[in-house]
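A.B. asks: Chain by chain, the residues run as shown.
There are 2 protein chains.
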Amino acid sequence: MNELTYAVIGTGAIGGYYGAKLAHAGHNVHFLLHSDYEHVRQHGLKVSSCDGDFELQNVQAYADTHAMPQADVVLVGLKSTNQHLLRSLLPPLLKDDTVVVLIQNGIGLEADVQSWFPHLRLAAGLAFICSAKTAPGHVRHQCYGSINIGNYSCPDKERINAILADFIDSGIDAHEVEYAEARWKKAVWNMPFNGMTVALHTQTDRLLSCPSTRQLIYEQMMEVIHAANALGIEGLDESFAQKMMEMTDVMVPYSPSMRLDFDFRRPMEIDYIYTRPIDEARRVGAEMPRLQMLERELRFLENSGQRD
Amino acid sequence: MNELTYAVIGTGAIGGYYGAKLAHAGHNVHFLLHSDYEHVRQHGLKVSSCDGDFELQNVQAYADTHAMPQADVVLVGLKSTNQHLLRSLLPPLLKDDTVVVLIQNGIGLEADVQSWFPHLRLAAGLAFICSAKTAPGHVRHQCYGSINIGNYSCPDKERINAILADFIDSGIDAHEVEYAEARWKKAVWNMPFNGMTVALHTQTDRLLSCPSTRQLIYEQMMEVIHAANALGIEGLDESFAQKMMEMTDVMVPYSPSMRLDFDFRRPMEIDYIYTRPIDEARRVGAEMPRLQMLERELRFLENSGQRD
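Protein chains in written order, with the numbering used here: chain P, 312 to 619; chain C, 312 to 619.
Think of the hints as simulated: they come from the structure by calculation, not from any bench. It cannot be assumed that every hint is accurate.
Stated by the list, open to error - One-sided and incomplete, this derived list gives chain P residues near chain C with beta-carbon spacing under 10 Å: (1) L511; (2) Q526; (3) E534; (4) R601; (5) L605.
As the list claims (entries may be wrong) - Chain C stretches covered by chain P per the calculated footprint, using a threshold of three residues with CB under 8 Å from any CB of chain P: (6) 389-397; (7) 500-513; (8) 524-537.
Just so it is clear, CB atoms sit at the ideal spot from N, CA and C, and this is done for glycine as well.
Using the sequences and the hints given, assemble the complete structure.
C.D. replies: Right, dumping it as structure tokens:
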């Protein structure tokens, strides 16, 4: 089998990390950059990682997808607030059998991209990682780092296996998972913690150490689980919520990406992390009143600026 | 009929205003004071009011209810966070036929006091007023000022009428209302706005001008109305929620008492404004998920100090 060609759209905390790991292991990776383009072209990419630091020189960096070669695999690490950009960014990269992996948070991401590109082969990438872009061309990887791939619309199972093999070969803990179950399982953690750390200006540990918000987080997790069950998705029950609580108990105090976005006055990913799952659940009769209230609070905070 | 003797417990924004109005009209009013006792004894009470300023000299001021005469009517303007103090404050003031009027916000206030004093004659006072104590012995009355009296456990209807007559005679817009309906109608406004202005650190006008929080406030009002209906209380429906929205639209931007308590680091009245009505509704099968979430957020903010 020929070696796969990779394109990374959104070379930040997520796309930058996984793309750099693949390139560092010798894979053929082309990076789309925006504000960091000049810096990375001259100085390369730097990854400070709990698994060992490394640097990439002579990065295949681009400022425009029209200048990039077509790819076998496109890894999308874009913030979902910029999802609409994929309509113009993707076409130059696509061959008939290109697989696009959306390494993003939320529900409904693949459905939207599929509606724009009906024949595209799509997969979800569920990243379990604490990382941040701390300077131009510099990704800081604090802990974790595994990725789960869920096949959304790729008929070629072998291609999914080849991507997984490349990730594993590059030192990344990667597994295949069932698409819908995986997206909703991630939502069980993401929906409570992303918004609540913004709404109460706090971190995961303090939400769990206060009995009132600990109970609220659990109730919100159960809203996601009931919604997933109503949508016919199996594999999620009360024990999964308990597992997520316990996992978060032993994590270091953590500010999820939405809290960082809010603090740095970047747009928050409210549409795909809240509005879409709430709408999808409502279509099958499952209400999520606490998470809908959280969505409304986040809209207020986003519309009316900072908390003052 | 003999002239009624009044005692005021909690001479602040509410008790201070109504007590001073009665005294200014010539009624016999005795005031319990705490931190302002010395000031009021020497300088009297001052009311700066949208209806005209006035001052009371030679106020009948006390630092201890044991020094006060027994009263025909006790007006309680205490913060409900200090409700337990009534167990020791009230007995020296009580005759067999004393009526105690709780001019406080929340649900369950009368039931608790009744459980401590099974034979006491109780009424609720629902104050519609914007006022604040801005300095020792100084109440600033910005607008509104009416009071509704709901009879809870006073068999002597004439006594309630006599109290209403004294209020009206003192220039106060006062009406008799049905107890349970009145308490729950007030909760329709209090439960959304008190907590939401704390949780989002804002005022009534901004909550209503953002479409997301406007919808949330309406949903929270409907939770209160459904709870009241489940408890068998009539007179509340969707049109009442709409009326409360429209009334608040034309109010000046307003910080409810809980927002002021939070900002000045005083305890918030979470128990009687949130926990009690939520518990009472649950007992008849009515859940209030959004208001319960708000209660949990408020407990977090109270437990963990200020917002950051």
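A.B. asks: Does each hint hold? Answer for all of them.
C.D. replies: So, going through the hints one by one against the coordinates:
1. L511: Holds: closest Cβ of chain C sits about 6 Å from P/L511, inside 10 Å.
2. Q526: Given a least distance of 7 Å, the restraint on P/Q526 holds.
3. E534: It holds, given that the least Cβ distance between P/E534 and chain C is near 9 Å, below 10 Å.
4. R601: 5 Å, holds
5. L605: It holds, given that the least Cβ distance between P/L605 and chain C is near 8 Å, below 10 Å.
6. 389-397: Our answer is that it is violated, as 0 residues pass the Cβ test (under 8 Å) against chain P, missing three.
7. 500-513: holds (count 4)
8. 524-537: holds (count 4)
In this structure, the one hint that does not hold is number 6.
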